[in-house]
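2 protein chains.
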Amino acid sequence: MNGASPLLLTDLYQLAMLQGYFERGMHETAVFEFFVRKLRPGRGFLLAAGLEQVLDFLEQARFAPQELEWLRATGRFSDAFIAWLADWRFEGDVHAMPEGTVCFADEPLLRVTAPLPQAQLIETRLINLLHFQTLIASKAARSVLAAPDKLLVDFGLRRAHGAEAGLLAARAAYLAGFSGTATVEAGMRFGIPLFGTMAHSFVQAHDSETAAFRNFAHAQRDNTVLLLDTYDTEAAAHKVVALAPELAAQGIAIKGVRLDSGDLDTLARRVRRILDDGGLRTVTVFASGDLDEYRLRDLLAQGAPIDGFGIGSRLDTSADVPFLDCVYKLQEYAGKPRRKRSVGKATWPGRKQVWRCHDGQGRMAGDVVGLEGDVPTGEALLVPVMRGGRRLAAPVPLSDIRRHASDGLAQLPVPLHGLQESFDYPVEISVALHELAHLADVQMLQAPDES
Amino acid sequence: MNGASPLLLTDLYQLAMLQGYFERGMHETAVFEFFVRKLRPGRGFLLAAGLEQVLDFLEQARFAPQELEWLRATGRFSDAFIAWLADWRFEGDVHAMPEGTVCFADEPLLRVTAPLPQAQLIETRLINLLHFQTLIASKAARSVLAAPDKLLVDFGLRRAHGAEAGLLAARAAYLAGFSGTATVEAGMRFGIPLFGTMAHSFVQAHDSETAAFRNFAHAQRDNTVLLLDTYDTEAAAHKVVALAPELAAQGIAIKGVRLDSGDLDTLARRVRRILDDGGLRTVTVFASGDLDEYRLRDLLAQGAPIDGFGIGSRLDTSADVPFLDCVYKLQEYAGKPRRKRSVGKATWPGRKQVWRCHDGQGRMAGDVVGLEGDVPTGEALLVPVMRGGRRLAAPVPLSDIRRHASDGLAQLPVPLHGLQESFDYPVEISVALHELAHLADVQMLQAPDES
Chain X
222 MNGASPLLLT
232 DLYQLAMLQG
242 YFERGMHETA
252 VFEFFVRKLR
262 PGRGFLLAAG
272 LEQVLDFLEQ
282 ARFAPQELEW
292 LRATGRFSDA
302 FIAWLADWRF
312 EGDVHAMPEG
322 TVCFADEPLL
332 RVTAPLPQAQ
342 LIETRLINLL
352 HFQTLIASKA
362 ARSVLAAPDK
372 LLVDFGLRRA
382 HGAEAGLLAA
392 RAAYLAGFSG
402 TATVEAGMRF
412 GIPLFGTMAH
422 SFVQAHDSET
432 AAFRNFAHAQ
442 RDNTVLLLDT
452 YDTEAAAHKV
462 VALAPELAAQ
472 GIAIKGVRLD
482 SGDLDTLARR
492 VRRILDDGGL
502 RTVTVFASGD
512 LDEYRLRDLL
522 AQGAPIDGFG
532 IGSRLDTSAD
542 VPFLDCVYKL
552 QEYAGKPRRK
562 RSVGKATWPG
572 RKQVWRCHDG
582 QGRMAGDVVG
592 LEGDVPTGEA
602 LLVPVMRGGR
612 RLAAPVPLSD
622 IRRHASDGLA
632 QLPVPLHGLQ
642 ESFDYPVEIS
652 VALHELAHLA
662 DVQMLQAPDE
672 S
Chain E
222 MNGASPLLLT
232 DLYQLAMLQG
242 YFERGMHETA
252 VFEFFVRKLR
262 PGRGFLLAAG
272 LEQVLDFLEQ
282 ARFAPQELEW
292 LRATGRFSDA
302 FIAWLADWRF
312 EGDVHAMPEG
322 TVCFADEPLL
332 RVTAPLPQAQ
342 LIETRLINLL
352 HFQTLIASKA
362 ARSVLAAPDK
372 LLVDFGLRRA
382 HGAEAGLLAA
392 RAAYLAGFSG
402 TATVEAGMRF
412 GIPLFGTMAH
422 SFVQAHDSET
432 AAFRNFAHAQ
442 RDNTVLLLDT
452 YDTEAAAHKV
462 VALAPELAAQ
472 GIAIKGVRLD
482 SGDLDTLARR
492 VRRILDDGGL
502 RTVTVFASGD
512 LDEYRLRDLL
522 AQGAPIDGFG
532 IGSRLDTSAD
542 VPFLDCVYKL
552 QEYAGKPRRK
562 RSVGKATWPG
572 RKQVWRCHDG
582 QGRMAGDVVG
592 LEGDVPTGEA
602 LLVPVMRGGR
612 RLAAPVPLSD
622 IRRHASDGLA
632 QLPVPLHGLQ
642 ESFDYPVEIS
652 VALHELAHLA
662 DVQMLQAPDE
672 S
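Sequence order for the protein chains is X and E. Under the working numbering, think of the first position of the first sequence as 222, with each following residue one higher. Under the working numbering, think of the first position of the second sequence as 222, with each following residue one higher.
Keep in mind that the hints were calculated from the coordinates and are not lab data. Among these hints, one or two may not hold up.
The list treats identical chains as one, so a pair stands whether inside a single copy or across any two.
[Unchecked claim] Within a straight-line C-alpha distance of at most 30 angstroms, the following computed DSS-like cross-link-like pairs (lysine-lysine) qualify:
hint, residue 1, residue 2
1, Lys-557, Lys-371
2, Lys-476, Lys-371
3, Lys-476, Lys-259
4, Lys-259, Lys-557
Extracted from the complex, chain X is given alone in its bound form (with noise of 0.2 angstroms):
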């Protein structure tokens, strides 16, 4: 599934409409922006995320010479039209909030103004870029929030939906606060951080699993992490503590057990007073296995002696809410806002900025959503990142991405800490807004429609 083109990952409607702005020269600047329309129950903020990728995208989009005579084949397309695509680049602006933003619905996450061709075929992967990581990230953080101090891992790219999904996830999760993945080509590719124990597999394959534990051991010296429930996890680390001073004395000291089954509390709790008894007070309980935010709570609040968690399927498919209600929407067209007015998706028209304010603890207090020119109301928190198609700095590391995303965890208001509230941050539309909001349905009004 390699050598995905980024402008063919796009939805027919986008070619069809260009053809029409094509053919009408509606080449007049746009300004699209993404958004999400209203946040779902159990997610009371997002964490921007994908942005990098997009300006990866939009640098290198451009037609090759077989997807353009296979647009050609298809017959909906004409001859002229097709020699345009050739030189079709994308050479806009983008303004947008550094990944790792806390943000809200109705907040645009980023902005383009650009010719109306180049910023409408952007459109679908785009979206599908920075829904995803924003996805899950906000899962992510989650994790974070409700496990603050422990190692949490990503363990999902066999169940993500795909290769770039599970690629994608590891690096929202590191940025959100996760301590690494198990996706070696998410380290290879981002430096994050790689950890891994052992299947049930390796165990089932050797004849014993004292066997099983001594191979892993001399195979993995400085990272040995046995997993005890292939058979029966109580014995299973009554084994472990047996072959501890075997594998001290040939300089193997070991790191830590895993829990994948059962009843992880109670487990935890007996596996941790076998290695405390058995002298192993410094190998750490790791578990994994179905896990979300909410068991850490549970698991956590019920005291479980766990020291780390692999957290797998329920991340990186954000299984409580798998998408979120995000659009990138027409704010302006030749120097006129623009808006939809569709039953419950209308939209907000214009250029907009977001400003933060936080209150005397460094708490964040709340947002408006105004116009670009308003009145400064607290921190912008949209900053321009590309212009003329160019990006206007070096990638930002990953490793600064986490700790923006870390500061702005610290600053949410308390509520938003816990998993199930329904707090309400505030986020205010400007008066400016709504006047032209208002200003837009009039001039819609009056359009005459057959022009």
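Starting from the structure of chain X, add chain E where the hints point.
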């Protein structure tokens, strides 16, 4: 995000275990099987999919020099092991259910027979590929059953979890019986029929809705589907009627209209009436917006005059069941059956086959999961597809897979045609398999722990 390495798309523990196998010379034959442990509520059956991409992966998987160099630099692996990885190839055998086969929990969809280090290393990506397409095909089949005579189009790329998810969701939905997709690259890569209309931004960018409709009709003369809900759906329908004669005079027949918000049942009736009264009886009504099989069923039960549906996020993320409880487990090694006995996650050991029986009407009556050598009790569902790392046949055309799926859906027991029933299709475990599981338990208990 192109150029993902298939072999580094893996969990770190696979490489850690491989080093253990390497050091002990554990390369005897292993048998792993991929299956789903339990069906979740809302999925009475599954449709197997993804085999084609798995076979591609197995044929092509190898380490690139720079990947090996990176692995070496992590300090986790010995030089001898890295050198051995350079020659790693998959040279095993694969048995699998053909894509599009209806299947159930506990039934292996695929079996790998290969030297242990080969069968182990492929686990993560193999699950990643088989899981996702099976997930989406199974979801898509439900819309096909709910709206068997309607045009069903995948609209999900933008909120699919990354590029590969969008592409493979288009493929999985099509093989399950969808009419096509909006994803252009899926058209080019898989030959899937493409469908598309127009976006709200196209209407907004014009100074009047009629101007937008006229422009689009000229740009897409053979495929004029007009979006009605940007401002006021019924008013837009009247504009379509008013514009139709002018377009007809220019040889353009409007093909359809699309509704994307509001009460789709009521709006479809009103729009249908406006179109009919305006002499546009052949213009079809297409609906989209937050749809899934439940909404389709309800709209059709109400008699909404809708001819086709665009189904997006809820399809491409399988929103109600965003992942399956699927695994790839070691069932035999070095000639001995292997069994995992973890609480709630015990496996059936040995090399298995699935047989299916039909009743007198040709409907599926029950399956038996047994050992490969059992006396056949119906149609064998697992067939050989790869030997010695090479496919046994050319890829199956997608149209054939689609027909096979369609045949399977037609043979489903009547209760599984509905969406909500809690019907448990009978899947029996053969006597010989019960006996082997017992034997594996006994062997494991008798095994000397210190070996």
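Against the structure, the hints come out as follows:
1. Lys-557 to Lys-371: neither (51 angstroms within a copy, 40 angstroms between copies)
2. Lys-476 to Lys-371: within (15 angstroms within a copy, 58 angstroms between copies)
3. Lys-476 to Lys-259: Intra 44 angstroms, inter 33 angstroms, cutoff 30 angstroms: neither.
4. Lys-259 to Lys-557: within (26 angstroms within a copy, 55 angstroms between copies)
Hints 1, 3, counting from the list given before, are not met by this structure.
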